[in-house]
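A.B. asks: Sequence:
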Amino acid sequence: MSVFGPPPTPATALGRYRQLAPTAGVHVSPLQLGAMSIGDKWSPFGMGSMDKESSVKLLDAYFDKGGNFIDTANFYQDESSEEFIGEWAEQRGIRDQLFIATKYTVNYKPRDDKIGQKVFYAGNGVKSMHLSFKASLKKLRTDYIDLFYVHIWDWSTSIEEVMQGLHTLVTQGKVFYLGISDTPAWIVSRANQYARDHGLTPFSVYQGSWSILERSFERDIIPMARLEGMALAPWGVLGFGKLRTDAEEEARLKSGENGRTVFSPDWKRNDVERATSGALEKIANEVGAKAISSVAIAYVLHKAPFVFPIIGGRKVEQLEQNIEALNISLTEEQIKSLESVAPFDPGFPHTMTGNGESISQFLTLAGVTDKVANLAPIQPVKQETAGHKE
Numbered sequence: 014m015s016v017f018g019p020p021p022t023p024a025t026a027l028g029r030y031r032q033l034a035p036t037a038g039v040h041v042s043p044l045q046l047g048a049m050s051i052g053d054k055w056s057p058f059g060m061g062s063m064d065k066e067s068s069v070k071l072l073d074a075y076f077d078k079g080g081n082f083i084d085t086a087n088f089y090q091d092e093s094s095e096e097f098i099g100e101w102a103e104q105r106g107i108r109d110q111l112f113i114a115t116k117y118t119v120n121y122k123p124r125d126d127k128i129g130q131k132v133f134y135a136g137n138g139v140k141s142m143h144l145s146f147k148a149s150l151k152k153l154r155t156d157y158i159d160l161f162y163v164h165i166w167d168w169s170t171s172i173e174e175v176m177q178g179l180h181t182l183v184t185q186g187k188v189f190y191l192g193i194s195d196t197p198a199w200i201v202s203r204a205n206q207y208a209r210d211h212g213l214t215p216f217s218v219y220q221g222s223w224s225i226l227e228r229s230f231e232r233d234i235i236p237m238a239r240l241e242g243m244a245l246a247p248w249g250v251l252g253f254g255k256l257r258t259d260a261e262e263e264a265r266l267k268s269g270e271n272g273r274t275v276f277s278p279d280w281k282r283n284d285v286e287r288a289t290s291g292a293l294e295k296i297a298n299e300v301g302a303k304a305i306s307s308v309a310i311a312y313v314l315h316k317a318p319f320v321f322p323i324i325g326g327r328k329v330e331q332l333e334q335n336i337e338a339l340n341i342s343l344t345e346e347q348i349k350s351l352e353s354v355a356p357f358d359p360g361f362p363h364t365m366t367g368n369g370e371s372i373s374q375f376l377t378l379a380g381v382t383d384k385v386a387n388l389a390p391i392q393p394v395k396q397e398t399a400g401h402k403e
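Residue numbers (our numbering): 14 to 403.
For the record, the hints were derived by calculation from the structure and aren't laboratory data.
Some hints here could point you the wrong way.
Unchecked claim - In silico DSS-like cross-links for lysine-lysine, where the CA-CA straight-line distance does not exceed 25 Å: (1) Lys-140 to Lys-127; (2) Lys-295 to Lys-147; (3) Lys-267 to Lys-281; (4) Lys-54 to Lys-122; (5) Lys-316 to Lys-295; (6) Lys-54 to Lys-131; (7) Lys-316 to Lys-395; (8) Lys-127 to Lys-54; (9) Lys-384 to Lys-316; (10) Lys-151 to Lys-140; (11) Lys-316 to Lys-267; (12) Lys-131 to Lys-151; (13) Lys-281 to Lys-328; (14) Lys-303 to Lys-316; (15) Lys-122 to Lys-147; (16) Lys-54 to Lys-70; (17) Lys-65 to Lys-54; (18) Lys-395 to Lys-384.
As the list claims (entries may be wrong) - So the derived label-pair ranges between C-beta atoms look like this: (19) Gly-367 to Asp-195: 19 to 29 Å; (20) Gln-32 to Asp-109: 49 to 59 Å; (21) Val-139 to Ser-15: 46 to 56 Å.
Glycine residues also receive a C-beta, built at the ideal position from the N, C-alpha and C atoms.
My request is simple: use the sequences and hints to build the entire structure.
C.D. replies: Right, dumping it as structure tokens:
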């Protein structure tokens, strides 16, 4: 037996860790466990929730399958998301084996009647940052946060105030990496340049909405992340439950089980959502996937490097279906087939200049040119995992 023997065989592909970003050397699971449904306070609002027992069951399943990357926020489930995660990690004694991301900006005390004035509990400013961060540490039962996000740009706080405040948390050893969510690409680039110019910590991760149904990410966010050396953490990859087969829809109609209804009270699909679901089902049959959701996840994983989809759900079987995405290889033809259902228009000036993935047409008119390829996504690896072959 060698002192430098190989690591244990991973239980699933979740245990094949990958570098977070060119600017972040930590290695994490390729799928994040989204914790918006973990907690027991949001059922009345059409967002879904889970009692503590169900939450622990899902968290245990994710960790036991090799997962180490959990995404939450200060206000999810009226703070019970962070509370459940913190209690679970403490009881299991695994805090240092986890990479926990949380966020500030949104008011996390909306229904706390003991707080009369709530204005300091929201926004990008340093007081909101301080209050939220201090509360998150307490709820998560930890003395540090692995990845701390600005949740959404408030259009009031200056870039200077935000970056200086965040850098203070980093220099205090309380935060390791910084992220930003739901913010225009030009603000992120300007903030990172300000940080570099002043010896501060730049953002390493961008989080936002991206799926086969919502491809606006491709317009500015993906090119920005490539140039800034940032990872991408897409949410909404499964289209808020709108990506489902006709058979799944019929079964749910009979059972009365819907997904999140906050964005669509009747949970009905439009024509594009139905057509896209059909295209996903066709490709699922071609690649032998058990669920179209795994193909939808595989799609974004094939589009760019350093992509870490945030996958929610409330059931262990949904988690297992999602993990299947890590073993799916899609051809360029299959990707084009999916995208042909609802073609994406990047708009001006992208329709004229392109997105940098190929040589500019204005250069090719002047001479024959070759281009160095951009970094490619990690491809699925067929390997033995604990108990079976992938």
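A.B. asks: Look at each hint and say if it fits the structure.
C.D. replies: How the hints compare with the structure:
no., hint, in the structure
1, Lys-140 to Lys-127, "holds, 19 Å"
2, Lys-295 to Lys-147, "violated, 48 Å"
3, Lys-267 to Lys-281, "holds, 14 Å"
4, Lys-54 to Lys-122, "holds, 12 Å"
5, Lys-316 to Lys-295, "holds, 19 Å"
6, Lys-54 to Lys-131, "holds, 19 Å"
7, Lys-316 to Lys-395, "holds, 20 Å"
8, Lys-127 to Lys-54, "holds, 17 Å"
9, Lys-384 to Lys-316, "holds, 19 Å"
10, Lys-151 to Lys-140, "holds, 17 Å"
11, Lys-316 to Lys-267, "violated, 36 Å"
12, Lys-131 to Lys-151, "holds, 19 Å"
13, Lys-281 to Lys-328, "holds, 22 Å"
14, Lys-303 to Lys-316, "holds, 21 Å"
15, Lys-122 to Lys-147, "holds, 14 Å"
16, Lys-54 to Lys-70, "holds, 18 Å"
17, Lys-65 to Lys-54, "holds, 11 Å"
18, Lys-395 to Lys-384, "violated, 30 Å"
19, Gly-367 to Asp-195: 19 to 29 Å, "holds, 26 Å"
20, Gln-32 to Asp-109: 49 to 59 Å, "violated, 19 Å"
21, Val-139 to Ser-15: 46 to 56 Å, "holds, 51 Å"
In terms of the numbered hints stated before, the structure departs from hints 2, 11, 18 and 20, listed from lowest to highest.
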